[in-house]
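Student: Single-letter residue listing:
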Amino acid sequence: MLNGIPLYWYLIVAAAMFCIGLYGALARTNAIAVLMGVELMLNAVNINLLAFWRYLTPESPAGLAFAAFVFIVAAAEAAVGLALIISVYRNMNSIDPEKLDLMKL
Amino acid sequence: MSYAPDDIRRKAKDGLAFIILPLKAMRTDYAFIGVTLIVACALIGVVPILNYLIAPQTPNKAKRETYECGMETVGDTWVQFRAQYYLFALIFVLFDVGGVLLFPFAVAYNSVNLWGVIVVSLFALTLLAALGYAIKKGALNWE
Amino acid sequence: MDIINNLVKDIGDGIAAAIIGLLGQGLAADIVIMAIAAIAVFAVASGGFAALTYAERKIVARIQDRVGPNQAGPFGVLQPIADAVKLFTKEDTTPASADFWVYQLAPIIVAVFATLTFTVVPFAPGVVGTNLNIGAFYIIAIGSASTIAILMAGWGSNNKYSLLGAFRTVAQLVGYEVPMLLNIIPVIMLTGSMSLVDIIERQTGVNGGWGVPFIVIMPLSALAFLISGIAETGRSPFDLLEAESEIVAGFHVEYSGMKFGLIMMGEYMNALGVAVMFSVLFLGGYGGPILPPYLWLVLKTFGVFLVLMWLRGTLPRVRIDQLLNMNWKFFVPLSVINLIMIMILGKVFVSDPALFKANGGILIQPFAQVIIFGASSLALLILALAVVTRRVRKDRLAEAEVLQQRREANQQIAAAMH
Amino acid sequence: MTVAQIVFILLSVVGLGAALLVVTTRNLFHAALYLIASFFAVSGFYILLEAGFFAAAQFLVYIGAISILFIFATMLTRTVRGMVPRNSQWQAALFVSVILFVAMLLIFSPANFSLPFGQGRTFGGAEWQFAEVPNKPGVLRDVPASSINDFGRALVDLNQYGIALLLSGLLLLIGMVGAIWVARERKPREILAERARMAAEEAEERAKAAAKAPEVSVAHAAVAHDAHHH
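Chains as they are written, first to last, in this note's numbering: chain A, 1 to 105; chain B, 1 to 143; chain C, 1 to 418; chain D, 1 to 230.
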């Protein structure tokens, strides 16, 4: 499975995915698209967790457990975040993060 | 990329020998799924193309119209979707994610003591409590 | 006897040996062999699809006192081929406003992922596409791809009714995926492995199992799995997605020609997949006396499919609110309670001396364990049914009262108008 | 090149390409589909990492559940098409992302890619050895066959991750309660009743404050007035 794939390949791909997600989270004009960026970042984190688990401590379930908890956190985050977005849309008719400035002085 | 006959004989018990054989070389059971994915995509992807080549193609404006009971399409595709759908998906996500964690436990069931069972029962009851809240709030009522 | 029993395995080995002789050992031979095996899996799935469409039309016709297809070939056995020819020669229209690639890809995705289900199914001892150590979980995971394809079809058609139909379908599918998931867990728990081969061996008693199919040990799980499986594949009486009178034809109203055929194929393959899964998980798969193993699997699968056809032929379609209520307020809580019950029973009543030494509990004979599991599962089922029957009757009476009031009010209005 | 390397490169092209399309496309539904393609590639990485269970879990949780949430939310908010792809701070965002990526690239790359700062592979006081791990023979160990079994046992063991499991259940419960409360549809009657109740509470509070300390209330009003001016 690992024939000829060094660990840093995974780390670089995960880093690229993380940075793409970061860009998405910072530069999109739609809150749902922002959350998509966050999901990409969480996926990148999970690739790293499982890559380190495989290459450094394959006997220990620690890496697997952490990856599983990232899954749960990602699900809860998406559920609550999207619910908030739906609610905001219902009240404001817009989900552009730049236009939602009720809290600004 | 080589294989040893002993390993094949040992693994033949696990699966169709003519499939396990090459998998030994790649040390994986998943390669076959990848190959099936590609083969199925090729075989099934060709079907619409064949259909396009065989069947007569005489499109006209009326044929290419959206089929909405013979009426002309009015307005956008979006009718008012209700948040109800989202709530169903929400409870589904809850049980889906919770269920994923139950699978490793189920595999390890025989080597777990009663405390583990109690922990998992509490976990399952927590999920059930969320479902109970959703039912109580009427989130799952179809009106 | 051995020759017949190992027929499929020997043919496969022969083909593999021939290809290795031709190409030599190495990557090329590996890939060719795997591709041939993949084509074999695809052939099994689509052959099953063709056979089942014919069988279903014939049997449902008999149930409804009709004859069914009888023109193409003797007894109409060539009907599936005639259907395929018809679909291939039909014009394939794409709506002008469709989202082109999404619209084109959706049927392909439905069919491809339905095919992938069959890669892990053990057809006979030693005849399995690949014996994954997460087989049961893999099938559930692959099954969830169809919801995405349905949403793609609904969106891609750019049609109010298909999008609405897709939403309703997905609300139904995701709902019934939960009891399926929860009712596979007890099977895995009592097997100690997610591999489908291990699950079958546990039921046939090869590796110190009970030698009893899981349907005897967990009738409640089996029933819940079967019903949610039927709902998951959207078959009658849960075929709201094709309720012609309500939402035209659901999400695939815009599809014609072979793309429609592919969606049908995906749905049938999913139904077949559920039947195969049920026979593997709860009926002991290929295990059985006298007959060769692959024949047993075919027989069991066809038996399960017969039940599906029977339900389709006799039951009226349920309403969508009943459908969703039944799932979320009955099946899911019942499955969780059942799961907890089995978890605790399995720890209290132990039949394996080694486990007894490790974890304690009450040591009993294996058959006593089977009886305890089966009896408590049945008791829970009867209890739940009793509670639900009372509740549903109350609801229905209340509903009837409301309807009666409305009717009276309408009559009064009508009288006043006169 | 081994087969695994080719598969890896294909998967990273699909995954990263889809990820790029997620953050640039104008159509939110297409963005969701590209997100699914990206999840699919990540699931392939898990298979390459011999974590088959997580590949299937990725399929079930991300592709089967979370992306459905995204698509439903997209439809409910009716903002699918014609989205402006970039906001006003996109240059800054791009700059930060690229800088971060370059930094990580330098850290994670093997020694022959030598860092322009620090000594060899030393960065931030720690020695980054892992970049070399798979190249050392004998260092890379196999995943034990009982991997899932061990994982399941650790997950429910109170001395390992049992508490974390219970807490994550609690997190899911709280998250769902919050999400249902926020997203559920209120009937117009309920909304009006809620508004009336809030107004009544506000008035009551104001009256109480006025009765309790009139001078404080005046000062508070002045402050509020001031703030309003700014």
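One thing to keep in mind: the hints can contain errors.
Unchecked claim - Cut-off 30 Å, straight-line C-alpha distance, at most; resulting in silico cross-link-like pairs (DSSO-like, lysine-lysine):
hint: 1; chain 1: D; residue 1: Lys212; chain 2: B; residue 2: Lys136
hint: 2; chain 1: C; residue 1: Lys90; chain 2: B; residue 2: Lys63
hint: 3; chain 1: C; residue 1: Lys86; chain 2: B; residue 2: Lys61
hint: 4; chain 1: B; residue 1: Lys137; chain 2: D; residue 2: Lys187
Stated by the list, open to error - Computed, partial: chain C to chain B, Cβ under 10 Å:
hint: 5; residue: Ile3
hint: 6; residue: Ile4
hint: 7; residue: Leu7
hint: 8; residue: Thr94
hint: 9; residue: Phe113
hint: 10; residue: Tyr138
hint: 11; residue: Val387
hint: 12; residue: Val388
If you're looking for bench data, these hints aren't it; they were derived computationally from the structure. Even glycine gets a Cβ: it sits at the ideal position worked out from N, Cα and C.
Student: Report the numbers of all earlier hints that the structure fails to satisfy, in ascending order.
Tutor: Violated hints: 1, 5, 6, 7, 11, 12; rest satisfied.
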